[in-house]
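Given chain A, put chain B in place with the hints provided.
Going down the list, the sequences are from chains A and B.
The first sequence lines up with residues 10 to 402 when you count with the numbering used here.
The second sequence lines up with residues 10 to 402 when you count with the numbering used here.
Hints were generated in silico from the structure; no laboratory data involved.
Treat the hints loosely; a few may be bogus.
Identical chains blur together in the list; that is why a pair holds if it fits in one copy or across any two.
Unchecked claim - Below, a list of computed lysine-lysine pairs in the DSBU-like style, where the Cα atoms sit at most 35 angstroms apart:
#1 58 to 308
#2 177 to 21
#3 20 to 177
#4 209 to 20
#5 58 to 303
#6 21 to 272
#7 20 to 272
#8 359 to 316
#9 21 to 270
#10 303 to 21
#11 20 to 303
#12 358 to 402
Quantities reported herein were computed from a predicted structural model and do not represent experimental measurements.
There are 2 protein chains.
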Amino acid sequence: MISQTMLGLGKKSSVIREIFEYGNRRRAEIGAENVYDFSLGNPSIPAPKQVTEAMLSLLENTDPVSLHGYTSGPGALSVRSTIADSIVKRFGCAATAADIYMTCGAAASLTVSLNALVNTGDEVVVLAPFFPEYRVFAENAGATLVVSPPRDDMGPDLAVLDKLITPKTKAIIVNSPNNPTGAVIEEADMVALCDLLRLKQTEYGTDIYLIADEPYRELVYGDTEVPYIPNYYDNTLVCYSYSKSLSLPGERIGYIFVSQKVKDHTDVFAAVCGAGRALGFVCAPSMMQLVIEKCIDAKADIAAYEKNRNLLYDALVEYGYEVIEPKGAFYLFLKSPEADAGAFCEKAKKYELLLVPGDSFGGPGYVRVSYCVAESTIRNSLPSFEKLIKEYK
Amino acid sequence: MISQTMLGLGKKSSVIREIFEYGNRRRAEIGAENVYDFSLGNPSIPAPKQVTEAMLSLLENTDPVSLHGYTSGPGALSVRSTIADSIVKRFGCAATAADIYMTCGAAASLTVSLNALVNTGDEVVVLAPFFPEYRVFAENAGATLVVSPPRDDMGPDLAVLDKLITPKTKAIIVNSPNNPTGAVIEEADMVALCDLLRLKQTEYGTDIYLIADEPYRELVYGDTEVPYIPNYYDNTLVCYSYSKSLSLPGERIGYIFVSQKVKDHTDVFAAVCGAGRALGFVCAPSMMQLVIEKCIDAKADIAAYEKNRNLLYDALVEYGYEVIEPKGAFYLFLKSPEADAGAFCEKAKKYELLLVPGDSFGGPGYVRVSYCVAESTIRNSLPSFEKLIKEYK
Chain A
10 MISQTMLGLG
20 KKSSVIREIF
30 EYGNRRRAEI
40 GAENVYDFSL
50 GNPSIPAPKQ
60 VTEAMLSLLE
70 NTDPVSLHGY
80 TSGPGALSVR
90 STIADSIVKR
100 FGCAATAADI
110 YMTCGAAASL
120 TVSLNALVNT
130 GDEVVVLAPF
140 FPEYRVFAEN
150 AGATLVVSPP
160 RDDMGPDLAV
170 LDKLITPKTK
180 AIIVNSPNNP
190 TGAVIEEADM
200 VALCDLLRLK
210 QTEYGTDIYL
220 IADEPYRELV
230 YGDTEVPYIP
240 NYYDNTLVCY
250 SYSKSLSLPG
260 ERIGYIFVSQ
270 KVKDHTDVFA
280 AVCGAGRALG
290 FVCAPSMMQL
300 VIEKCIDAKA
310 DIAAYEKNRN
320 LLYDALVEYG
330 YEVIEPKGAF
340 YLFLKSPEAD
350 AGAFCEKAKK
360 YELLLVPGDS
370 FGGPGYVRVS
380 YCVAESTIRN
390 SLPSFEKLIK
400 EYK
Chain B
10 MISQTMLGLG
20 KKSSVIREIF
30 EYGNRRRAEI
40 GAENVYDFSL
50 GNPSIPAPKQ
60 VTEAMLSLLE
70 NTDPVSLHGY
80 TSGPGALSVR
90 STIADSIVKR
100 FGCAATAADI
110 YMTCGAAASL
120 TVSLNALVNT
130 GDEVVVLAPF
140 FPEYRVFAEN
150 AGATLVVSPP
160 RDDMGPDLAV
170 LDKLITPKTK
180 AIIVNSPNNP
190 TGAVIEEADM
200 VALCDLLRLK
210 QTEYGTDIYL
220 IADEPYRELV
230 YGDTEVPYIP
240 NYYDNTLVCY
250 SYSKSLSLPG
260 ERIGYIFVSQ
270 KVKDHTDVFA
280 AVCGAGRALG
290 FVCAPSMMQL
300 VIEKCIDAKA
310 DIAAYEKNRN
320 LLYDALVEYG
330 YEVIEPKGAF
340 YLFLKSPEAD
350 AGAFCEKAKK
360 YELLLVPGDS
370 FGGPGYVRVS
380 YCVAESTIRN
390 SLPSFEKLIK
400 EYK
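Chain A on its own, in the form it takes in the complex:
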């Protein structure tokens, strides 16, 4: 008998995937321009020009044996130094190459971190709503996932969280800006959250690690500030990916930053290296590592996302939808006008609107709208959104 867990994971088609496949059929039937597909979280803007230029320059000017050669397990030293220097400069937080482990993207950053920290039977807490793969990653590392429900405004409900943290809590995953809500945890909430974690550490005599999953850090709008968590809480590991900031989702490049203030830092970093070995993740893609070094200050032009956000948010509010105001990422979370968000998403299909029920994100009664699409898709979809809400009036 093969692994039934892996078989189950492989067979279970994700809700998002099913909606996307439905969209493909619909696009074939009525034309792509008539289907308003808000189901996928794929960046819709190009990588900045510097990225392409850096790749061309590396290909033209670097010895291929070194360009495509193995780096050391945690990554090339010069790349890790450059990233550490940037953390110091941007966030005023101490960092050196010895704190950075290069990874094949965000998922790898999370699986490596969780496997480094978790012993079988530990608990990992997530703040709902949350990216559903957290459950897969945490359970595969041997942990039990504990879901902490949000406040009505989707911020962290610390009164609830207080009851869910136990002596078995090994880590909490914090994802801000958030998928699926687009919410950003404000500084006051972050301070209160970190105070609570410190209190629990003292109460139980344990270490509780905060895993900051931050692929959307650079995608924020207006005057929104995203607190840099290592400055608020010592036992922090930052999981980063360049998927969104450089619009390179398929290139699988990111890193883990083990804050210097993590207790037993040397051991925790060693465990990260060990987990990388065990999962098969040593040496992130070499040329992409060098591209990051050359493009450390580059950023994709996210103006298109902000325009989409404003257009969509303003219209939905005007039509009478209840919407969590998105501060970052490229998601908008709206309250389903009926209790069953799945039923609402089915009705939306009549108007060629493809939306994702919040249930699989631990946000029942809500719907995720991914606005990383062409502006024309937003504009053309607005009459559909208006007709849809009228059904409920």
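Structure of chain B alone, referenced to chain A:
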């Protein structure tokens, strides 16, 4: 407490790494040209020109949103089709895109395959000598590693293997051409091995999966033929990487081919997809996937390896070393003239020869010599090899 297993893996510096670090110190002291470092298995030849040309062409002619975008979890359909067609053409073995799962290189191919197949308590057999990370990968998937010692000529000892296969045997890893010996399993041995596995499957009423770890398939010399295992044994998964054939070790691109003859193929492939999700490996690096599609028939010019092999092998035999004749890969396995290969490698350092004791590969009393180095390194090292063996005469 963090994971002590991962901490142990991260802290334990590999023997090879220690030798390499020693080499770095020595190079600084006496000059790189005076140190004969045969410790690392890093390709020393460049990627073929087609690879660089393919990358330049993709960067110049493809929309960056699609070039660097997510592919589907198992990889881009066109890439998987191209690989499947190549398997059909080269090996006369049925294959379609539905049998191919793109991975971030050889280690990922192995960890994903093992996690897909293994339940806790299963046994995974390896044929010694073997790549030491097999132990890490198998144990992390929940298996116990069972080591089957070789014949004197380093071929598989089927009489021994016969006794080591039990009802708990879930898989056997076969690595031919082999790291660390450079040996290639001949057809007669392969047939006998597969016969034995079939016999055991029938006897126990179990499925025993053969995991063919084949990153060195294209690196063979003279008229050596490497049997394509899916043509000999039904329950085969081929783990492939382009690290060596295209000299792209740092780019982390490879695949798993689940033979169509694997029992319950659909379920096994689904479990591979599930394990990819759980380990954080969905969607291999996107641009490199497209490079493989464009360079499916390209091959690095391995003439340099063959020249090195001949030069080194002939000289060592002439000096009186006992050497396993290398048929493939870029390794040569020689018998230590004293029982303790570690002590022999220490003596070798006096002559600035950096060799790796076979102990960590499950080949005690032998030494691995990696000849993926400059030809001049081989030529200049020969007097040292000659002096070293004279110490034992």
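Verification of the hints:
no. : hint       : verdict
1   : 58 to 308  : both (10 angstroms within a copy, 31 angstroms between copies)
2   : 177 to 21  : both (29 angstroms within a copy, 28 angstroms between copies)
3   : 20 to 177  : both (31 angstroms within a copy, 25 angstroms between copies)
4   : 209 to 20  : between (39 angstroms within a copy, 29 angstroms between copies)
5   : 58 to 303  : both (12 angstroms within a copy, 24 angstroms between copies)
6   : 21 to 272  : between (39 angstroms within a copy, 20 angstroms between copies)
7   : 20 to 272  : between (40 angstroms within a copy, 17 angstroms between copies)
8   : 359 to 316 : within (26 angstroms within a copy, 68 angstroms between copies)
9   : 21 to 270  : between (40 angstroms within a copy, 23 angstroms between copies)
10  : 303 to 21  : between (40 angstroms within a copy, 32 angstroms between copies)
11  : 20 to 303  : between (40 angstroms within a copy, 31 angstroms between copies)
12  : 358 to 402 : within (18 angstroms within a copy, 85 angstroms between copies)
The structure agrees with every numbered hint stated previously.
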